[in-house]
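Peer 1: Spelled out from the first residue to the last, the chains are:
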Amino acid sequence: MRDWEALVEQHLIGLALEPTERAEVIAELAAHLEESCEELRRQGMTEEEAVRRTLSQVEDWQKLSRLIQTARTKENIMTDRVKQFWLPSLLTLSFSMGLLALIQVFGPNPWLVARKNGWTLVAPVTVVYLPWLLSLPLIGAMGAYLSNRAGGSQRAMFSSIVFPVLPYLVFFLVAFPVMAIFNERLAHTIMFGALFVGLFAWVLAPGAALLAGGLLAQFFFSRRLDSRRVAGS
Amino acid sequence: MIGTGIKRGTAELAVLSVLEHGPLHGYEMARRIEQQTKGALRFTLAALYPMLYRMEQRGWIRGAWETSSSGRRRRCYRITPVGKKKLSPLRKEWAELFDALRRLTKVSHA
Numbered sequence: 001m002r003d004w005e006a007l008v009e010q011h012l013i014g015l016a017l018e019p020t021e022r023a024e025v026i027a028e029l030a031a032h033l034e035e036s037c038e039e040l041r042r043q044g045m046t047e048e049e050a051v052r053r054t055l056s057q058v059e060d061w062q063k064l065s066r067l068i069q070t071a072r073t074k075e076n077i078m079t080d081r082v083k084q085f086w087l088p089s090l091l092t093l094s095f096s097m098g099l100l101a102l103i104q105v106f107g108p109n110p111w112l113v114a115r116k117n118g119w120t121l122v123a124p125v126t127v128v129y130l131p132w133l134l135s136l137p138l139i140g141a142m143g144a145y146l147s148n149r150a151g152g153s154q155r156a157m158f159s160s161i162v163f164p165v166l167p168y169l170v171f172f173l174v175a176f177p178v179m180a181i182f183n184e185r186l187a188h189t190i191m192f193g194a195l196f197v198g199l200f201a202w203v204l205a206p207g208a209a210l211l212a213g214g215l216l217a218q219f220f221f222s223r224r225l226d227s228r229r230v231a232g233s
Numbered sequence: 001m002i003g004t005g006i007k008r009g010t011a012e013l014a015v016l017s018v019l020e021h022g023p024l025h026g027y028e029m030a031r032r033i034e035q036q037t038k039g040a041l042r043f044t045l046a047a048l049y050p051m052l053y054r055m056e057q058r059g060w061i062r063g064a065w066e067t068s069s070s071g072r073r074r075r076c077y078r079i080t081p082v083g084k085k086k087l088s089p090l091r092k093e094w095a096e097l098f099d100a101l102r103r104l105t106k107v108s109h110a
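These protein sequence lines are chains A and B, in that order.
FYI, in our numbering the residues of the first sequence are 1 to 233.
FYI, in our numbering the residues of the second sequence are 1 to 110.
This is chain A alone, in the form it adopts within the complex (with noise of 0.2 Å):
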């Protein structure tokens, strides 16, 4: 009798699981392959006739090991929800953030402001501020390049490119209506014109310029998708 996982063992010889794993998948597939040829058996064919048919079912071993290792281990790691939208996602937060962080402690340096009391270092909101903002497209580009190129859908890559106003949204919408009602002091010296400033400033016009980068690098894959499917048909 025939010891087929003898013989998967020896074929799947560069199959990098855990030895564990990797004794399950010989014999889960020794188990099928020994079940075709007594099937093949039954059919009349002869021992000989019945292996070779059998083997005929690989013609690739080691292409047959990578795609068992890359579906055992790589899917295990990242699945489509974490490639589409959480790592585009996380990733142009981190660069948004990031950015603003440098370009507050690498950028123009503060301004010497004259006031009636004397000088005063200033640094002014614009000149931080408008690096950014202006940076903020290519940020938006990469969160829809990323989302598209894992097969993200037009939500996933929506949302990706959104993803770094999110932080500031939360908190005009959720965590500064919460403080204002437990802090009485806040409460009664909110200014709703500079709200509607930082709403504007953190949440909308980077919203705008994100989207501006995002949609047209959305717009550029969708055109050469397009153009693509013309040249396959």
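Don't take every hint at face value.
[Stated by the list, open to error] Covered stretches of chain A, as calculated for chain B (at least 3 residues, CB under 8 Å):
| no. | segment |
| --- | --- |
| 1 | 24–37 |
| 2 | 60–71 |
[As the list claims (entries may be wrong)] Here are the simulated lysine to any residue pairs, SDA-like style, with alpha carbons at most 25 Å apart:
| no. | chain 1 | residue 1 | chain 2 | residue 2 |
| --- | --- | --- | --- | --- |
| 3 | A | Lys63 | B | Glu12 |
| 4 | B | Lys85 | A | Trp86 |
| 5 | B | Lys85 | A | Arg81 |
| 6 | B | Lys38 | A | Glu34 |
| 7 | B | Lys38 | A | Gln57 |
| 8 | A | Lys63 | B | Gly59 |
| 9 | B | Lys85 | A | Arg155 |
| 10 | B | Lys86 | A | Ala50 |
| 11 | B | Lys38 | A | Ala50 |
| 12 | A | Lys83 | B | Thr80 |
| 13 | B | Lys86 | A | Leu67 |
| 14 | B | Lys86 | A | Glu34 |
| 15 | B | Lys92 | A | Ala150 |
| 16 | B | Lys86 | A | Arg149 |
| 17 | B | Lys84 | A | Ser153 |
| 18 | B | Lys86 | A | Thr70 |
| 19 | B | Lys86 | B | Gly22 |
| 20 | A | Lys63 | B | Thr44 |
| 21 | A | Lys63 | B | Arg58 |
| 22 | A | Lys63 | B | Pro81 |
| 23 | B | Lys84 | A | Arg155 |
| 24 | A | Lys63 | B | Arg31 |
[Stated by the list, open to error] Simulated DEER-style distance windows between Cβ atoms:
| no. | chain 1 | residue 1 | chain 2 | residue 2 | range |
| --- | --- | --- | --- | --- | --- |
| 25 | B | Arg42 | A | Ala205 | 54 to 60 Å |
| 26 | A | Arg66 | B | Leu104 | 35 to 41 Å |
| 27 | B | Glu20 | A | Phe221 | 32 to 38 Å |
| 28 | B | Arg103 | A | Gly107 | 55 to 61 Å |
| 29 | A | Gln104 | B | Leu104 | 55 to 61 Å |
| 30 | A | Thr46 | B | Gly39 | 19 to 25 Å |
Derived from the structure by calculation, the hints contain no laboratory data.
Positions of the beta carbon are idealized from the N, C-alpha and C atoms, including for glycine.
Given chain A, work out where chain B should sit, using these hints.
Peer 2: This is chain B only, laid out in the frame that chain A set:
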């Protein structure tokens, strides 16, 4: 006979559909699919197992070793609640695709 590209896309739907009726091991699954599709869909070992492992990692199916009455150990796969949830949109997508192709071929032959 259906071409390789289409087969690849329908493979997951085929596996989920046969597992919906009860747990099966890999060989039996391939045999069942071949019989029910009258040979149009045929899975070799090389095509079947990487896909089963991928579907298992995604949580659509779950495999467990079982011993049959003849004393043979086989890894049987069951569809999970996640897989059941995946099955209905997959069915809808493929139905829409086949409807579209039917309409297109009718128009082409008119």
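Peer 1: Can you give the numbers of the hints that this structure goes against, from lowest to highest?
Peer 2: 10, 14, 22
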